[in-house]
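Asks: The residues making up each chain are set out below.
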Amino acid sequence: MAEERWKSKRLACWNQAKQLRTDYYKNYAQAHEKGGIRWAGSAWAFSVIPAGLGEDVWSLTGEPYGASVAWKKDFAAQCHEAAQAEGYARDLCAYMRNYWGSILLNKYVFGGEWPKPDFAWTCHTCCSHAKWYQVASELEGGVPTFSIDGSVGPYDELDENRLNYLVDQMQEGIEWMEKVTGRKYNDELLIQAVCNECRSTSLWAEICALNKAVPAPLDEKTMYSLYVIGTLIKHRQECVDFYKVLRDEVRDRVDNQIAAAATERFRVITDTQPPWAFLNIFRYMESKGTVSVGSLYTFGLIGIWEVKEDGTWGPRTPPEEGSIKTREEALRTIAEWTCSRPEWQQFYSPELKTEMLKRVVKEWKVDGVMLHYNRGCEGLSIGIAENKLGLREAGIPVMSFEGNMGDEREFDPERTRKKIDAFLEILEASLRR
Amino acid sequence: MFEQFQDWLENRHEYAKDWKARTGGKVMGYFCTYVPEEILYAADILPVRILGSHEAEDVTEPHIFKMFCPFCRDCLAQGLKGRYDYLDGIMIAQSCLHIRQAFTSWQIHIPVDYSYYLPFPHGVQNRAVYKYLTGELDKFKKSIEDWTGKTLTDEDLDRGIEIMNTNRRLMKQVYETRKADSPPLTGLEAMYMVVAGQMTDKRDHSDELEGVLKELPSRNLDRETGVRLMMVGSEDDDTEFVEMTEALGSTIVVDEHCTGSRYFWNEVEPQEDRLAALAQRYIDRPRCPSKDWPERTRIPHILDLAEEYNVEGALLIQQKFCDPHELDIPAVRQALEAKGIATYFLEFDVTVPIGQFKTRVEAFLEEYILEDMLF
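Taken in sequence, the protein lines are chains A and B.
Take 1 as the starting number for the first sequence in the working numbering and just add one per residue.
Take 1 as the starting number for the second sequence in the working numbering and just add one per residue.
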């Protein structure tokens, strides 16, 4: 065990995060009992839009659900086998197979039967998103499905034509939703949801930016339980409220030098989803004096950023309260806002991701980068080998390990620990130099 | 009769270099058949599709995660080995992530004068898509104009459309002859024809097709047609596999993949706005699975082809790790089998184990198809 260098304590708002998550999955499952609506889709779906159908509309976002299944190894294995028996290849997105497996087994990982959605509403950015719900709809006997095509290129090339395409699809989606649900759409609720989402995603970036401090007030393993609220309900007031509480607490930890890991000596980052069934590798690293202070994934999947006057990354400034008046304005705002999401940029060029990683290394005072060659998600693994080359060229220590975020059969914990040991020796040697 | 196509395919690089020397024009390497070649022909640029060579390679490992498909790695390998050193530019029309990875690695490591990423929409069933793609084609046209220093007029675009449409029409006429009880060409010959068309000047290719079409009606292949097969799936230019399959007592009479019918099946319908016409053609073409959602429009198209060409069995071909096809194959398989068409699934790599595949295809032909026909 490495020497303890900092004081550390548990987050006070930890249980609040757990409760929000529990309520989310319960609300979805019980929505029909209260006359509400259930929809399912990617965590990248424009969730602000179904919010305009009413306050009793609850979602099930597929990736966090798939990650929850992954954590329960036995159930995940059953899901994978069920999906394979249906003819779906084992190298497909592991979250997707966990989700389909739950349908096929008619089991909700949080207990009870599979809660079939009333409609699917998603966003297609990688090769799987819209196809995921196409297949899910077939397995569920024909759930109405609409997907926004979000693949309009990187943010620095966003123009009116591309923005209009997103907004036009959203308008079409609203018409479709009205038809599918028989409900009249409420623009006021949409506008409120857009404001909430801009604030919550900006707040999450602000929280992540506080982790530039030494010692880091948050470690990545803990961040997984916090960022996830944004993947579930980023458009809701509860998310904004929680992230304010969390931001204040993290700020207090920075002011008082309260570390997430008392042993913090080396600081690393990862890049994408972890193998969820093996999060204990983070604790293993801490026992060796190394803390992961985050990743592009935890920072940029939900967090929305901008370059500040001093050239560093900070939370993007949300639109002013009351500045959005119409449906069109709300849709344009959220479309433009979402396109600046860091995790969407890498789909168009590995160099964009390499540059973001280099920025994080510099600003978060990182000693090395751990790249997860994630067999479970080709979307966030695209360009990863080029990222490795780019980081090495910049003189940044890099280690890579292969695994799968949602299919534990493809992760070798012992081998990964050995690789981590070797990597930490390299960091140690570089410190001596 | 199809030797010229085979020669073009096997000597693609020599052809392109010769074309450059002959015309003084630029050559554009492209990564996906959603690239609007009409605009390139309008600018007197030769589009050549970048394909692999089906040789084992060890140059892409540092650049592409090994769970990405063999096709994208094979394509990048050709660039890294310098085989496309004559290209003036490269471009991609957005399709799957894997081929996109090959394109972006090419951008980083193999310098060319020009590169363009056309964000071709995936939501081809959404209403807004036509206006969007028309706008993107306009930007692409301007980019080509900037690069070549030549303004593209409606007449230029009409010429590009005519070149492409003529070629599509002629290839479809050749495919039409394959409906006969004794098709006058093999699946191997059809593959030579279509793939060669993706890397030669369409005017040369169309001239050759005109000649072929004159001779085809009187052509009699000295072979049994055997089992009438269809090939469905990922990019497939594996001529060795096709030759082996047809030597086992079968004929591939039609296909549904992007080195086959999906490439040329529909034409550009004239409109006053030429770019809108192009957008419509590429959006409405038989779809790649990566764009075929939420409705599965591929399935009725595949079933129609199977019926029109009197197909008895289907080989479902998939490049290893190709997610879009992995997401379609169970549904395609189910739909074909519901119509009484036996299916057999094969996963392709850069090189295929031809001996193993021979045994498997032979068993498929005997067990699933001939047995049905005999009993």
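Derived from the structure by calculation, the hints contain no laboratory data.
Fair warning: there could be bad hints in the mix.
[Said to hold, decoys possible] Using 25 Å as the maximum straight-line C-alpha spacing, the simulated DSS-like pairs for lysine-lysine come out as follows:
1. Lys-66(B) <-> Lys-419(A)
2. Lys-18(A) <-> Lys-179(A)
3. Lys-72(A) <-> Lys-34(A)
4. Lys-131(B) <-> Lys-418(A)
5. Lys-221(A) <-> Lys-9(A)
6. Lys-179(A) <-> Lys-66(B)
7. Lys-244(A) <-> Lys-26(A)
8. Lys-73(A) <-> Lys-362(A)
9. Lys-325(A) <-> Lys-362(A)
Keep in mind it's a predicted model, so treat the numbers as computed, not measured.
Asks: Hint by hint, which ones does this structure get wrong, listed from lowest number up?
Replies: 2, 3, 4, 6, 8, 9
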